[in-house]
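Model the full structure from these sequences, guided by the hints.
What the sequence shown shows, in the working numbering, is residues 1 to 707, in sequence order.
No lab work stands behind these hints, which were simulated from the structure alone. Yeah, the Cβ is synthetic: ideal placement off N, Cα and C, and Gly gets one too. Certain hints may be false.
[Unchecked claim] Restraint-style ranges between C-beta atoms, simulated for each label pair: (1) 450 - 301: 39 to 49 Å; (2) 590 - 308: 42 to 52 Å; (3) 491 - 32: 44 to 54 Å; (4) 504 - 548: 44 to 54 Å; (5) 308 - 408: 25 to 35 Å; (6) 548 - 369: 34 to 44 Å; (7) 308 - 121: 31 to 41 Å; (8) 491 - 125: 46 to 56 Å; (9) 245 - 324: 55 to 65 Å; (10) 575 - 408: 41 to 51 Å; (11) 245 - 172: 25 to 35 Å; (12) 301 - 491: 42 to 52 Å; (13) 502 - 575: 32 to 42 Å; (14) 51 - 245: 28 to 38 Å.
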Amino acid sequence: MGSDACASCHAGAFEGWSGSHHDLAMQPPAPDTVVGDFDDSSFTKDGVTTRFHRQGDAYFVDTEGPAGAIETYRVAYTFGIEPLQQYLLEPEPSAGEREGPAPRMKEGRLQALGVAWDARPEGRRWFHLYPDERIAHDDILHWTADSQNWNSICADCHSTDVRKHFDPSAGAYSTTYSEMNVGCEACHGPGSLHAAAPMEPYGEAAGEIDTCAPCHSRRAQLAEGFRPGAAFLDHYLPAAVAPPLYHADGQIREEVYVYGSFLQSRMHQEGVTCGNCHDPHTAEPLLAGDALCTQCHSQTPRADFPTLNARRYDDPSHHFHADLQCVDCHMPSRVYMGVDSRRDHGFRVPRPDLTVDFGAPNACNGCHEDESAAWARDTIAQRSGTTPAPGAADILALSTTQRFDAERALSAAAADAGLPALVRRSALRALGPYEFGYSQDAIAAGLRDADPLVRLGALEHLSRVPEAPRYAAVRRLLRDPLLAVRVAAVPAAAPYLLQSVSATDRALIEGALEEHRQVQELNAERPEAHTNLAVVHTALGETEAAQAALERALAIEPRWIPALVNLADLYRATGRDVEGGAYLADAARLQPPSADAAYAYGLWLIRQGQTGRALEQLQRAYELDPEHLRNGYVYALALHNTGEPASAISILEGSLTRFGGHRATLEALATITRDAGETEAALRYAKRLVESFGARYEGLVREIEAG
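Structure representation (structure tokens):
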């Protein structure tokens, strides 16, 4: 029962749907579906000319193939209409004109071309989706790469009831779907249920946001077959709100869609849902301009939102401007895919003070580009007579800093049920480098939290919980009602199979391991899946299986740094450290450079006694990512060990200024300055250790005083 059957009774809704969701449309190429110029037109970027042409009813593209040569490819489908149209190409080059229609996409792999058509009236041109990057034929963003594969990356959101059907042995797909585009059943569930019981309520999902989230979120897929009314976290794992996907304060940065920003918002906290602002069949706003916002944010109280402050907002006394829309300040936009402007759904108050402190953008300087963030901060404070109330944005920004004095605030935020769950998840994820008891308590409490997103955040640092309560937590989390949580607990649960556990617990762990395996099997075309399998194999002591999984990951993507680094670690653990260095060297040579790869390679070089080369790599890691506490600390130790104590002290003092008095930083400063004869400085650092970490450092103070 497809959309045509629904339209017979729901014609009005279907008209709206077909009229404004055509930006999602996927159609066979034809004169009435192709909007790009295929009249022997061309587009050149980085020395590669892509040509668009027709032969009868068939549409072709001459462009760079996976080997770097220009080949001719047939257009299998158009993809979207507004504001841009992409083209799905058959992966095998075409010898020329073919007889008959293009094959159905379920017969194999389809790839999205990186050159797209700007369909806006002011556009009408070919353009590249990555205008500022040189995308070579072997780049992970090249149109022939897995990152541009329709079957794996695009289909689940752009078609209905998709089954990927990837065959790892052949590297091929036999993807199926019930409808080529997003049909009624994608949001309302199977029409067969309605046909069987027409008088029963139909299409009222248990949670509207969960129904929208699968396609309006940045997420990983855990299982196929999502239906409205199902739990989002039984099928998907949303990305954490953290750089580089988001700015420090949670504003959208990369292409993250809506879910992650909306769940940060106070509007979501107060019960606002997608349907309060958008027509579900058209995705268009229910009202135009400020009327959409003032239906709630006005002088008229709302019984359905009793916490809403009834006052006038569409007035210069509120926004300080003569002509300004609410969205300009509270939903700043960002352009994706070259021409597609999308608004942040965090509904945040502009915070230039967070720009000053953390470098996050703000709506004020989005217009007042010639002024500083400090000017915007001071102007708001002067005109409003208030300072910003701390909230979710402050916690998110703090969670990115690794500052010593952030531990207590992050721990408190993790336990604050009044904050959005995604924010609490970020606070918990940030607690790993800290060591005081209150962060450990926050992690332990998070593992029991009623919200699954909070449980997911706490799970990342399960190792900080003492052994007995940790095992109890593992057993509880493996029984969690949501697949995302159970799967996340598997790496911590697997090692218990090597211990003496009850038959019941063994069956519980093995059942979760099977679920974990199924999730990775679903994503077997991705290197991440095999890396995840390798982690579990390693935890089980299955080194040969772990190595095979990592090698499969590298066969899929030779530049996959997690597999290169993990494989080197596996070699080290099995007495083959010298051989493992080749993988780290490969990782360190990749472009763009990776601080993690340089760091791991630097440590390997130290183990091999190559201190000079090691210092170069550790310096590189520090320069690539100076905001990671570890990088500066290890680089400083390497400088000290190679006879450069002054440089080491300079790096560590910079770290002290940036991150505060972490134990390792103060210990290193106390000992290095002591060895350098800087007794006064050494005493100062040693006394700070006593103040922060207790009497265990009093002996160091006495030692320095005694000379």
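Against the structure, the hints come out as follows:
At about 30 Å, the beta-carbon gap between residue 450 and residue 301 misses the expected band of 39 to 49 Å. One distance hint, 42 to 52 Å for the beta-carbon pair residue 590 and residue 308, holds here, with the actual separation near 51 Å. Taking the beta carbon of each, residue 491 and residue 32 are about 52 Å apart, inside 44 to 54 Å as hinted. Taken as a hint, the range 44 to 54 Å is violated for the pair residue 504 and residue 548, whose Cβ atoms sit roughly 31 Å apart.
A hinted range of 25 to 35 Å for the beta carbons of residue 308 and residue 408 is consistent with their spacing of about 32 Å. One distance hint, 34 to 44 Å for the beta-carbon pair residue 548 and residue 369, is violated here, with the actual separation near 54 Å. Checked against the hint of 31 to 41 Å, the pair residue 308 and residue 121 passes, with Cβ atoms roughly 38 Å apart. The beta-carbon spacing between residue 491 and residue 125, approximately 48 Å, falls within the hinted interval of 46 to 56 Å.
At roughly 29 Å, the beta-carbon separation of residue 245 and residue 324 lies outside the given 55 to 65 Å, and the hint is violated. Between residue 575 and residue 408, the C-beta spacing of about 43 Å keeps the proposed range 41 to 51 Å intact. Taking 25 to 35 Å as the suggested C-beta distance range, the pair residue 245 and residue 172 conforms, at roughly 31 Å. Between residue 301 and residue 491 the beta carbons are some 50 Å apart, a value that agrees with the proposed interval 42 to 52 Å.
The hint said 32 to 42 Å for the Cβ distance between residue 502 and residue 575, and at roughly 34 Å that hint holds. For the hinted restraint 28 to 38 Å between residue 51 and residue 245, the CB-CB distance of approximately 35 Å keeps it satisfied.
Hint compliance for this structure: hints 1, 4, 6 and 9 are not met, and every other hint is.
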